[in-house]
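Chemist: One-letter residues, chain by chain:
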Amino acid sequence: MPWGAADGFSKQMLLVILSVVIIAAFFLMAARKGQLVPGRLQFAGEAAYGFVRNGIGKDIIGGKDFMKYVPLLFSLFFFILVNNIYGAIPLIQLPTFSHVGGAYVMAGIVYVTWIAIGIKKNGLKYFKLATVPSGVPGYILPIVIPIEIISNFLVRPVTHSLRLFATMLAGHLIVMIAGSGIEYLVTQENLLLKGASVLVLGGAIAMYMLEALIMVLQAYVFTLLTAIYIEGALHADSH
Amino acid sequence: MNQLIISAATEGANPLVPNPWEMLVVFAGFAVLMFIVVKYVVPMFEKTFAERAEAIEGGIAKAEKAQAEASAALEEYKQQLTDARAEANRIREEARAEGAQILADLKEKAAVESARITAQAHAAIQSERQAAVVSLRTEVGTLATTLAGRIVGESLEDDARSARVVDRFLADLENQNAGAAK
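Chains as they are written, first to last, in this note's numbering: chain A, 1 to 239; chain B, 1001 to 1182.
Just chain A, with the same shape it has in the complex (with noise of 0.2 Å):
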């Protein structure tokens, strides 16, 4: 049931949905006033919601157009974490993107939107700047023109999405193997196999503390990545 199956509304869609509440609820609610002297909740928003315009945005696009990106980029960013996180809180224990259909989504939608951004501003020549790089000798182009269509245009969506759902879905299945492997091991009638469980549950909760981190962590990368293209994709002809 969980993969390909299609069938009525699961636990998945409704913390997508909840997920897009939460995040909207949040930076509302923090940017509705917007005072000067921001109270604790507006400089909270402001925090997160400057971490995202000027750590990934303006360093990584960087000029004077970076801000147009901006929203896709924050976007990005609080839906993928807080998809994640959820995977860190007790009984909801579900990261959403260990569910494959969501990372194709969004590394689908990043996908879309960096090549329309490179056509765009060079136009068609830009499959040529993204594929023939400059200052090669002419005789390795033929080695190199399809190793950079490879890397660039088939294999980069495919890592994107997969890096996101692979690292939540091991993290889900770690824990979750942990928690189903105390839960088998205190059932035991044997008294030392019952006291195994208590190191298995010290590998859990560091396995946990792991996880947590992956979770923030892939978030970030995934939204470093989508800038880095983006960034590619506008300055096609100096790379």
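Calculated from the structure, these hints are not laboratory results.
The beta-carbon is built from N, C-alpha and C at its ideal position, and this holds for glycine as well.
Treat the hints with caution; some may be incorrect.
Examples of chain A residues lying across from chain B (beta carbon under 7 Å, computed) [said to hold, decoys possible]:
| id | residue |
| --- | --- |
| 1 | 71 |
| 2 | 140 |
| 3 | 141 |
So these bits of chain B aren't anywhere near chain A, every CB distance computed over 10 Å [stated by the list, open to error]:
| id | residue |
| --- | --- |
| 4 | 1078 |
| 5 | 1079 |
| 6 | 1106 |
| 7 | 1127 |
| 8 | 1141 |
Per label pair, the in silico range of CB-to-CB distance [said to hold, decoys possible]:
| id | chain 1 | residue 1 | chain 2 | residue 2 | range |
| --- | --- | --- | --- | --- | --- |
| 9 | B | 1040 | A | 55 | 37 to 47 Å |
| 10 | A | 158 | B | 1062 | 21 to 31 Å |
| 11 | B | 1060 | A | 55 | 19 to 29 Å |
| 12 | A | 125 | B | 1067 | 50 to 60 Å |
Position chain B relative to chain A; hints supplied.
Modeler: Frame of chain A; chain B shown alone:
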């Protein structure tokens, strides 16, 4: 959930095959979020940022303006002070020069005056003496002839003769004087 994982694994379902409904929900959710962010969240934050930057830069500009005004005023005062000092120096110098000039003028005037007075006195003395000599000469002549006439008993009223007598007498007198002086 464990049941699901196990069942999925046993059924051989591929985790890389997506659920289209889930994809649709993610896409729709993200689209809604994008809309809210583009339409409200980013403009509101940017407006706040712009206003804040405006407020801070406005404050800085105001402070800079006040600073510039203060230093301009200070410069002006310094300039005025320098001017006043120069003016005072100039006036003092002028007064000194004027005083010296007045003193010199007075001295010159006094010298001229004294010279004039001296010359006048000299002239007066000279003319008095001249007058005295002339009047003495006639008076002595008259007296002498009258006296001589009385003594001689003859009138020396004859002018030509009396003049001759007087002249001779005077010449003798002068000769006598000259002899006494020797």
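Chemist: With reference to the structure, classify each hint as holding or not holding.
Modeler: Each hint tested on the structure:
Interface hint status for residue 71(A): upheld, as the beta-carbon distance to the closest one in chain B is roughly 5 Å, under 7 Å. For residue 140(A), the suggested interface contact is broken, since its CB lies about 34 Å from the closest CB of chain B, more than 7 Å. The interface hint given for residue 141(A) is violated, since its Cβ lies 34 Å from the closest Cβ of chain B, which is over the 7 Å cut-off. Once the 10 Å rule is applied to beta carbons, residue 1078(B) is consistent with being away from chain A; the minimum gap is 39 Å.
Remark: the non-interface label on residue 1079(B) is consistent with the geometry, its nearest Cβ contact in chain A lying 41 Å away (cut-off 10 Å). With 10 Å as the threshold on Cβ separation, the claim that residue 1106(B) sits away from chain A holds: the shortest Cβ distance comes to roughly 80 Å. Every beta carbon of chain A lies more than 10 Å from that of residue 1127(B), the smallest distance being close to 110 Å; the non-interface claim holds. Against chain A, the non-interface label of residue 1141(B) holds: every CB pair exceeds 10 Å, the least being about 131 Å.
Look at residue 1040(B) against residue 55(A): about 22 Å separates their beta carbons, and that is not inside 37 to 47 Å. The supplied range of 21 to 31 Å is broken by residue 158(A) and residue 1062(B), whose beta-carbon atoms lie about 56 Å from each other. In this structure, residue 1060(B) and residue 55(A) meet the distance hint of 19 to 29 Å, their C-beta atoms being roughly 25 Å apart. Checked against the hint of 50 to 60 Å, the pair residue 125(A) and residue 1067(B) passes, with Cβ atoms roughly 53 Å apart.
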